[in-house]
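Could you slot chain V with the ligands onto chain B? The hints should help.
Residue numbers (the numbering used here), protein chains in the order written: chain B, 124 to 570; chain V, 8 to 241.
The set of hints was computed from the structure by calculation and includes no laboratory data. Mixed in with the good hints there might be a few duds.
Claimed, not checked - Some chain V residues close to chain B (C-beta under 10 Å, calculated; not the full set): (1) His70; (2) Tyr71; (3) Asn111.
Unchecked claim - Derived Cβ-Cβ restraints for the label pairs, each shown as a range: (4) B:Gly298 with V:Asn48: 49 to 55 Å; (5) B:Pro175 with V:Ile77: 47 to 53 Å; (6) B:His184 with V:Gln196: 43 to 49 Å.
Model, not experiment: these values are computed from the prediction. Don't be surprised by glycine CBs; every beta carbon is placed ideally from N, CA and C.
Each chain, written out:
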Amino acid sequence: MMIKKANELYGRQISANLIDSKQIDQDLILKRSPIKVMDDFIICKRCGQKSPKQIAELPLHNFYCPKCINLGRISTLNQLWTIKEPNYFNTFQKDPMTWDGKLTKPQLKCSLQVIKVFKKNLHHLLWAVTGAGKTEMLFNGINWGLKHQKRIAIASPRIDVCMELYPRLQAAFKGIDITLLHGHQKKPYQYCQMTICTTHQLLRFYHAFDILIIDEVDSFPFVHNQQLHYAASNAIKQQAALLYLTATPNPELLRLIHHHQMTMSYLPIRYHGHLLPEITLHIAPRWRNKIKHHQLPRLMISLLKNKIKVSQRFLLFVPHISDLKPVSKLISKLIDPKKFATVYSSDEKRLEKVQMMRQHQFQFLITTTILERGVTFPNIDVIILGADDEIFSTSSLVQIAGRVGRNSDRPFGDVDFICHSNSKNVTAAIKQIKHLNYLGGKLIEHH
Amino acid sequence: MNITKHNCLLCGNNIKRPVTLSFILSFRPYVPPIVCNQCLNQFIKINPKQICKKCGRSGTFDHYECHDCIKWSKHSKMSFKNRSLYQYNQAMSDFMHQYKFAGNYHLRNVFKNEFSLQLVQMKEVVVVPIPITPDTMKTRGFNQVIGLLSGIEYMDALATNDRKKETPQSHLNRHERLKMQQPFYVKEQFKSKIKNKKIILVDDIYTTGTTIRLAASLIYKYKAQSVNGFTFAR
Ligand SMILES: [Zn+2]
Ligand SMILES: [Zn+2]
Ligand SMILES: [Zn+2]
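The shape of chain B in the complex, shown without the other chains (with noise of 0.2 Å):
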């Protein structure tokens, strides 16, 4: 789709082929060469990576970059164009946010801290305990932005974590246009204040932001991915604020925190102002070696056989998709079949079950690591067989931890790990939840 507004170049960065330049005044646009060609290898404005030129050659001494070709090719052969971010914005004459919800104590001092960030364009991590309610608590920050013509940006890595923060955010701000972007977007893009986004969108915007969220940044593909780094980085103004939200920061982040790169808050209780449930370990060694001879350890049949007794509901995770049908098998010889299903992220029926586990029509299902966030059920535990898989991260293990007791009817609920042995990131999740609860307890003793 050709760009034919100047508006929606502002702050972006675009191939000048994609413009129709005949509509836009020339004056206005910064232009730049996409490409730095260096003796063996480019760097791409776009994108901030370096790529050997035998990767990235085009006839006629030409260049494109690889790294980036996903969101569509940018080469020697046409610049970037850019309109500077003028901040174009309506002025309000009462506050934008629509919301009406009440902050717990807790959330409401993380709320004024937000905000501080905000006016002080500080870059800042706000780690919030899953089940915290941490979308709430921005909401008070982006009314002070929009209030103040700042261009707000939330980005998460995960396209699931937009399509669920857009109406959210829609509702909390009525009357607010907001641009949802993301790779299997259909609608053109449009110039608006707020805008949510995956990460990856932000490779086309080019010092627009005052105000950028990034949610989840613990998670694949934002983590370890310098590209979107750099995305993030030259997608704010060189003033701006850049707030991290996570529930399970990983030790990089951690880091920068160390070395005052950026500061930190805590929320270490959950909105209903309970703690973390913690983690019950317990050690069956070689497990997966049990299940070839086709055997259950004991200590897990006794779990399972607790829990449907009481009709307690969970989720059983296992570390690969190969692992589901010999579990499954093993554990329809202890438990009628009809009352649980396997399911995994490209399982064709996934949506399908999940809806009937919501449904009540299982009691538990059995996955992989993919229902580890966003997804959640009320009242519910969990049991990881192979928590010490080098599949599971420490992130992905506090994530899986915090599916439990996420509702005030419930607010605690059971977390077993089985390991063959303790690993790293068992010990670590152990440790992070412990701390977090630590903090918690301080906090709820002080009210």
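For chain V with the ligands alone, kept in the frame of chain B given last:
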């Protein structure tokens, strides 16, 4: 045994291919794999024993030629055969999209050696690639056919006539396509060089055969001894 790690150019997954002891002892240069086996297996080569002997389409045909070719022969008596390397299936369509339309020129490396090897084996022929328009050259930056040639001498004899963009071919019916006017001309400096040569026209995809036949009929005007086609996909 070592496992080397590279990412597949098509799906992005790690390619794990064991480097065996016998390989190390063979002292052959190590060429890192660029595409994983899973992706490669989705491309289907045309079996040269089961094709239409005229247009090279795969399948078994009662007669020497396929239904389309019988129709063609009613129109023209031009001697023209085509052969193609791969079937144009979904995987190939996706590949061409990435290579040609998304402009990922590096992807030529997946097939260029294999494609060029076929051309090398044709003796005493002159390779003439089907050209792209100057407009396409300006936006794409490369001719996708020439991109598939590796170490092949070719004669860049054809150029496109300067015409307004027409309805894309896929919107035309067969009859309209046949009526299409000549999209190519032979560059001045090559006019004399075609005489008595065995010309192989190369193109990326053979869809209806219209384009490559129009080029062939043009080349025949300059007294080529024979003109045939070779395309990457069919
Ligand atoms: Zn790039
Ligand atoms: Zn692949
Ligand atoms: Zn045929």
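Violations among the numbered hints: 1, 2 and 6
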